[in-house]
Amino acid sequence: MINNQSRESTKIFDSLIDPEKAEELQRTKTDIETNITKILQLIKNENQSKKDGSPRRSRKEAELVGLTEDLNKQYQSLYALYDNVIGKVASRQRNKKALMASSDSDEEYFSSEEVDGIKRRSDKEQHNVSDTVIQEPDRGDNREVKDPNQNVGNTNEVLKTEASESDKQLTSLMEEMRRLSKDKNNLEFQIESQANEVKQLSIKNTELHNHVTELESLLKEKEGVVSNLEVKLNNSEEQAQSNIESQANEVKQLSIKNTELHNRVTELESLLKEKEGVVSNLEVKLNNSEEQAKSNIESQENEVKQLSIKNTELHNHVTELESLLKEKQGVVSNLEVKLNNSEEQAKSNIVKLMAQINELVLETKSLRTQKDEMEEKIKCDENEASTQREDLMEKLNVMQQKLDSMGNQNEELEAQMERKGEEISQYLTQIENLKENLAEMKSTEQTMIEEKEGFFGRLKDMELELENQSNQKNELEEQLRDTSYEVKHLMNENKALQDRNHELKAAMTQRGEEISDYLRENDSNENGASMEIMALKAEVNDMRLELDNLNEQKTKLELQSERNQKEYAESLAKIENLNTKLETQIADQEQTIKDQASAVDQVNAELKQTIMTSNKLRLSQRSAERKVEELAEKLRKKMEDNIRLLHQRIHVAEQLNNENKNSCKLIKLRYEQENNILGQKVAIYEEELRRLKEGPSEVKTSPSVDLNGFEFEAALNGLDEAAAKVEEHRECIMSNVSKMLCEVQFAKDWIKKMNGEMKQLKDNVDYLRTLLSEKEEQELLLRDKVWNLEATVSKEGGEKLNLTKAVNKLEKKVGKLEKNLKEKDEDLDSLGEKKREAIRQLCLVVEFHRDRCNYLMNLVTSMRLNKKT
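Per our numbering: the sequence shown ends with 869, consecutive numbering throughout.
To be clear, the hints were calculated from the coordinates, so they are not data collected in a lab. It cannot be assumed that every hint is accurate.
[Stated by the list, open to error] Here are the simulated lysine-lysine pairs, DSSO-like style, with alpha carbons at most 30 Å apart:
#1 379 to 634
#2 379 to 38
#3 834 to 38
Starting from the given sequences, assemble the full structure and let the hints guide the process.
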């Protein structure tokens, strides 16, 4: 029916409107329909974009504005046409009234009933024309009445058609008004929903503003904490500088003492090379860490700039929304009360957490004190062992001196004494091997200590990572098994050392038996050297006594090692007990920590400010590390200079020793040759003396036989000649003897000088050995310090890694929150702009429709009044 009416209304309009205007109406109609469809599509797309958060809004808004303007223009043109149509309808009604007046004159030709029917029809037509806005168009069907006369019927049909056309026009207009009212209601509903969304967003903005104020207060508090930490860092730096100065003074003293090192030069060079490699690695690591820190700082600065820009934008947006927030102050006050309550609860939870953390810190401190006590005990044991070693070395040095003196006194036994010296050197090598074994024991103990430190570090990690406790417990059990395996390995090593000690004892007994056999052979071969052999026996006995003392000392050392092992086992048992206690405590704390996880999330916000403190700490650490590196370089240079001087001195001493040995050998050869020559001369002189003694005896016997005359005179002449010869030979002999005595005295003096020089060299060697022992102790202390420093550096590195991990996590969270804030800000901006534009458009449309409704109502009322009159 509605479609038929609309078709009829279009026909009526076609009859009333010019053909040119009819084409314009059709065009406007099609344009209106297309514009309405486009507007509906754009509204749907906007709703979807709100849900999806798409940024394509400016184009759609511009399209909506253009379409609404086009609709306004088209509606204005339609209303102008409507006014024209209404004017034409009014003119036709006037014509109808004129026709009714002419029809009164024709009543004479018709009956009274026919005239009444015509009047009723005209009245009905007028009444239908006045009430078309309210009544349905279906009433036109009841108006068909058969007229007896064709003229009156034609006029009535024309009037009916016109009235029906006007009715259809009015009904179509009312339908359009109804549609517009429905659209208006829909738009008002959308406006209300958007207003509710705006209210919700304003509430969220107030919450964000409150959160920003809370963060600012936390930042102020953390700035105070950072200032306190800076003061503490400055104090720690001053203490570190004082310690460094004291260590520098100690290093100077050590550099003065290092000038007389000899045997440890090669070892120190190797250690220096290793340390240089470690220092280079540390420098590389420091450079990497500095680069990472710089990159982190730059990224954080960029993030801070972005956050400042966002804060300014938020501040501007907040100023715009303050007018809306005034209406919602009551709701905000309630929310603030709730937030204060939640903050108080969070603070109470934080206080509880801090108390638990302090308890854990105290437990860790107690464990550290126990560890330090164990280390002090181990150091005491090491010092005792070092003192015993020094005593052994001193005794061995005394033995070497005695052996050297015996070698100088007994030139014939030099080869044997050299053999003994070689044996003693072998013993020294064995002792050095024992030292190396003890050093390995120390290294194993240090590894155990490092493993303990790693164990405590793992316990801290267990406190931080409770979710992975089961895996960490298994790792701890494996470590305990490894420690037990290492203890067994140490026990086996101790057994091997005991076996070696037994072997050394057997070798010493064999050597004593060999010496006794050698002494017996010397007794059988040399009866004249009995006194010297007795002295050697006494020295051998002294050697045996010293060996017995050494054996006793070894037994003592073994007992001490067993005690140390027992103490170590007790310490392991204590550690296991502590582990069990800690496991129970951790199991108890797991439940509490699960409840406190929400509070810990709030505490994570405080870690953002610790990043600044960590950066400052990194700077201070870098300065301290630079100072340490400078000191290490100075020490290395001084050590190198001292080592060079030692090399030079040692080289000179070796040259002097070689020259002295060569000169001694040459002098010995010369004296042996001279002794041989003198022996030959003495034999010759003895033969001549014998001959001289035999000559006068013969002379004495000859006068007894024949003392007469001429023969006696010849004998006297022979005696005179023999006496002259004896006097000549006597002068030669006396001169040779005096020469020999002078040479013997010179040789004695030279031997005394050489003995004095050898004693001085031995004293120098002893002094150098003592210095070496002292330097070894100092090196051990320095190594301990270096190990401690490395341990502290490793701990700090672990803490830095933990901090960096936490910082990375926080940065990720901050990035996510910033993204969410950006999206929310964009959504808020787009929604605000859309809502403003929609409200403006709706206001314009509503005002326009109100004006048009008022105009139509006025027209309808005027029409009714005119019809009634």
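To see whether the hints hold, each was checked on the structure:
| no. | hint | result |
| --- | --- | --- |
| 1 | 379 to 634 | holds (29 Å) |
| 2 | 379 to 38 | violated (91 Å) |
| 3 | 834 to 38 | holds (17 Å) |
When each numbered hint is compared with the structure, a violation occurs for hint 2 only.
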